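Chemist: Just need the whole structure built from these sequences, with the hints factored in.
Protein chains: 2
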Amino acid sequence: MADNKRPIGIFDSGVGGLTVYRALHERLPNERFIYLGDTARVPYGTKSMATVERYALENSEFLASRGIKMLVVACNTASALALPTIREKIGLDVAGVIGPGGRKAVEITKNKEKPRIGVIATEATVISNAYFEAIRRASETAEVMQKGCPLFVPLAEENWTREPETFSIAAKYLADLKEFRPDALVLGCTHYPILKDVIQQTIGPDVKLVDSGEATADEVADLLFDKGLANLEPVTASRRLCDDMDHFYVTDAAERFSRVAERFLGIPPKRLEAIEVYGGDELRQKPDR
Amino acid sequence: MADNKRPIGIFDSGVGGLTVYRALHERLPNERFIYLGDTARVPYGTKSMATVERYALENSEFLASRGIKMLVVACNTASALALPTIREKIGLDVAGVIGPGGRKAVEITKNKEKPRIGVIATEATVISNAYFEAIRRASETAEVMQKGCPLFVPLAEENWTREPETFSIAAKYLADLKEFRPDALVLGCTHYPILKDVIQQTIGPDVKLVDSGEATADEVADLLFDKGLANLEPVTASRRLCDDMDHFYVTDAAERFSRVAERFLGIPPKRLEAIEVYGGDELRQKPDR
Numbered sequence: 005m006a007d008n009k010r011p012i013g014i015f016d017s018g019v020g021g022l023t024v025y026r027a028l029h030e031r032l033p034n035e036r037f038i039y040l041g042d043t044a045r046v047p048y049g050t051k052s053m054a055t056v057e058r059y060a061l062e063n064s065e066f067l068a069s070r071g072i073k074m075l076v077v078a079c080n081t082a083s084a085l086a087l088p089t090i091r092e093k094i095g096l097d098v099a100g101v102i103g104p105g106g107r108k109a110v111e112i113t114k115n116k117e118k119p120r121i122g123v124i125a126t127e128a129t130v131i132s133n134a135y136f137e138a139i140r141r142a143s144e145t146a147e148v149m150q151k152g153c154p155l156f157v158p159l160a161e162e163n164w165t166r167e168p169e170t171f172s173i174a175a176k177y178l179a180d181l182k183e184f185r186p187d188a189l190v191l192g193c194t195h196y197p198i199l200k201d202v203i204q205q206t207i208g209p210d211v212k213l214v215d216s217g218e219a220t221a222d223e224v225a226d227l228l229f230d231k232g233l234a235n236l237e238p239v240t241a242s243r244r245l246c247d248d249m250d251h252f253y254v255t256d257a258a259e260r261f262s263r264v265a266e267r268f269l270g271i272p273p274k275r276l277e278a279i280e281v282y283g284g285d286e287l288r289q290k291p292d293r
Numbered sequence: 005m006a007d008n009k010r011p012i013g014i015f016d017s018g019v020g021g022l023t024v025y026r027a028l029h030e031r032l033p034n035e036r037f038i039y040l041g042d043t044a045r046v047p048y049g050t051k052s053m054a055t056v057e058r059y060a061l062e063n064s065e066f067l068a069s070r071g072i073k074m075l076v077v078a079c080n081t082a083s084a085l086a087l088p089t090i091r092e093k094i095g096l097d098v099a100g101v102i103g104p105g106g107r108k109a110v111e112i113t114k115n116k117e118k119p120r121i122g123v124i125a126t127e128a129t130v131i132s133n134a135y136f137e138a139i140r141r142a143s144e145t146a147e148v149m150q151k152g153c154p155l156f157v158p159l160a161e162e163n164w165t166r167e168p169e170t171f172s173i174a175a176k177y178l179a180d181l182k183e184f185r186p187d188a189l190v191l192g193c194t195h196y197p198i199l200k201d202v203i204q205q206t207i208g209p210d211v212k213l214v215d216s217g218e219a220t221a222d223e224v225a226d227l228l229f230d231k232g233l234a235n236l237e238p239v240t241a242s243r244r245l246c247d248d249m250d251h252f253y254v255t256d257a258a259e260r261f262s263r264v265a266e267r268f269l270g271i272p273p274k275r276l277e278a279i280e281v282y283g284g285d286e287l288r289q290k291p292d293r
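Chains as they are written, first to last, in this note's numbering: chain A, 5 to 293; chain B, 5 to 293.
Don't read these hints as lab results, they were simulated from the structure.
Hints are supplied without guarantee of correctness; some may be wrong.
Since the list gives no way to pick one copy over another, a pair counts as held whenever it fits inside one copy or between any two copies.
Dumping the calculated SDA-like pairs for lysine to any residue here, alpha-carbon to alpha-carbon at most 20 angstroms [what the hints assert, rightly or not]:
hint, residue 1, residue 2
1, K151, E169
2, K151, R263
3, K116, V239
4, K176, R166
5, K231, F37
6, K116, R140
7, K151, A179
8, K118, D97
9, K151, R260
10, K114, N133
11, K176, P158
12, K176, R91
13, K9, G232
14, K176, T165
15, K231, I271
16, K212, E117
17, K212, R185
As the structure is a prediction and not an experimental result, all values here were calculated from the model.
Modeler: Take a look at the structure:
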């Protein structure tokens, strides 16, 4: 297949990366996507660098074997911990979400001389300091405050987007950040856009939220056009989210993925298959169950 | 080594099973334990039966290879989904936590004729109906109400044992159960004993909480004495929780495990090693990182 007709690969530790898929789909309506959610080993945010690297590499190899033209690492934790290893091992262009998120935060800040940027993310992403470094590369003078918000992932998966408990937990997590008075707050985990309303209300209306997924979609679009990899022919007039032009794989529990995907995107994936993970080997396809 | 000098194997999806280890340690001070926490693949409670079975079997094979005299499946989800498979494949006595928990609930109920028993557990455990069946085997007339409480695990791991948000979430999860007016409420996940105070206050003082770990320790003690496998010589005068007579393994993130273990048990494990999980193969030892 001509290089620019090939699909774009996306992987995430689970269902959260669908927010990145949605952003890519909106920004690049001519492209097809293959999404892999590693639901057998989710979450990554509490695991070690060695383990996240291994999982990320196995996912990347599976997608590479499906004939993708480039790879998007939608998972913030995998982007923070495993991007150098993936780039080294996979002979494809690879985009993570941390760089685009960090650059976007600097771009939209109102204090150009001394941007004040907050980052909320998983434990592992915060410890890696990847957002701090990405932001500092974009602005040497930026002041950065990071905060791990471990309960946000289960709250988003439970779809508790308006519950008073979610507001109360958000108030606790964001108290120091609110005092820090950032211009921009990076949603440094793919689950967090689900809680956007709670986070915006808690941090205050003057703080701009940065959805790394949207920032990544912009950069992926630029990269495809720069490299001549973009598909210039519209694929179909009636292209929709989750239609049968996009292919979804999970490593476990396809039914649960489908249910949560419907909550996240308003529609479940039409083509969804379960595959098996075997450490060290290629991921293998298996019938759904 | 003489059979009754050999250690008892315990595995859990992660750190939660330490509540079962503590109960076993208290009940059986002459015994030594080998504990495996599958922290690279935690949690099990949102995963499919096929995947939980595979993980449980790999864990059991690893422990069997360390020369244990019997195996305790401390994880409720693995007990609910994988016990028959483990028993079939491992040539050892195997105790789960569901049977003992269910029997204990029937035993302590005040309504002997029609016990009313509540069960709180992970999604996967509830869907499996394993507690319902265990309770019904112990009392044909028992009325059972089950409720999945997915946020309790992350709340326990965060150690939010007194936070108002935890009380508020508990009130929401337990509302129907409170109306059901059970005699006894089974804590059907190893993490839940950490939230015992919140759960007791929420469900009311007249409901007896059943800690499956304690019930399991009693049954394991009976089994060891019945089979002549109990170690009758006191191992040492100064035996302590987490001392160097017990050996702990994790499949990832030993440092985090140690930290959470200290919160759960008051003391971190003295002997803790990280091993690697390779699907299909035996689990392999590796240097900690």
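Chemist: Next, verify each hint and record whether it holds.
Modeler: Hints, one by one, checked against the model:
In the homo-oligomer, the alpha carbons of K151 and E169 lie at most 20 angstroms apart both inside one protomer (19 angstroms) and across protomers (19 angstroms), since each shortest distance falls under that limit. With identical chains, the CA atoms of K151 and R263 are at most 20 angstroms apart between copies only, with a shortest distance of 19 angstroms across copies and 30 angstroms within one. For a Cα distance limit of 20 angstroms, the shortest separation of K116 from V239 qualifies neither inside one copy, at 41 angstroms, nor across copies, at 68 angstroms. Taking the shortest alpha-carbon separations for K176 and R166, both the intra-copy value of 16 angstroms and the inter-copy value of 14 angstroms come in at or below 20 angstroms.
Taking CA atoms no more than 20 angstroms apart as the test, K231 paired with F37 passes inside one copy only; the shortest distance there is 18 angstroms, against 58 angstroms between copies. For a Cα distance limit of 20 angstroms, the shortest separation of K116 from R140 inside one copy, 13 angstroms, qualifies, whereas the shortest one across copies, 67 angstroms, does not. In this assembly of identical chains, the alpha carbons of K151 and A179 lie at most 20 angstroms apart only when taken from the same copy (10 angstroms versus 33 angstroms across copies). For the identical chains of this complex, K118 and D97 are neighbours neither inside a copy (32 angstroms) nor across copies (65 angstroms), given an alpha-carbon limit of 20 angstroms.
Taking identical chains as interchangeable, the C-alpha atoms of K151 and R260 lie at most 20 angstroms apart only when they sit on different chains, with a minimum of 17 angstroms there against 29 angstroms within one chain. In this assembly of identical chains, the alpha carbons of K114 and N133 never lie at most 20 angstroms apart, being 23 angstroms within a copy and 55 angstroms across copies at closest. Taking the closest pair of Cα atoms, K176 and P158 come within 20 angstroms of each other both inside a single copy (16 angstroms) and across two copies (16 angstroms). Taking the closest pair of Cα atoms, K176 and R91 never come within 20 angstroms of each other, the shortest separation being 37 angstroms inside a single copy and 46 angstroms across copies.
Within a single copy, K9 and G232 get their C-alpha atoms as close as 11 angstroms, which meets the 20 angstroms cut-off; across copies the closest is 69 angstroms, which misses it. Within a single copy, K176 and T165 get their C-alpha atoms as close as 16 angstroms, and across copies as close as 15 angstroms, so both meet the 20 angstroms cut-off. In this assembly of identical chains, K231 and I271 lie within 20 angstroms of each other by CA distance neither inside one copy nor across copies; the values are 32 angstroms within and 56 angstroms between. For the homomeric pair K212 and E117, the shortest alpha-carbon distance inside one copy (17 angstroms) is at most 20 angstroms, but the shortest distance between copies (61 angstroms) is not.
Only within a single protomer do K212 and R185 lie at most 20 angstroms apart by alpha-carbon distance; the minimum there is 11 angstroms, versus 48 angstroms between protomers.
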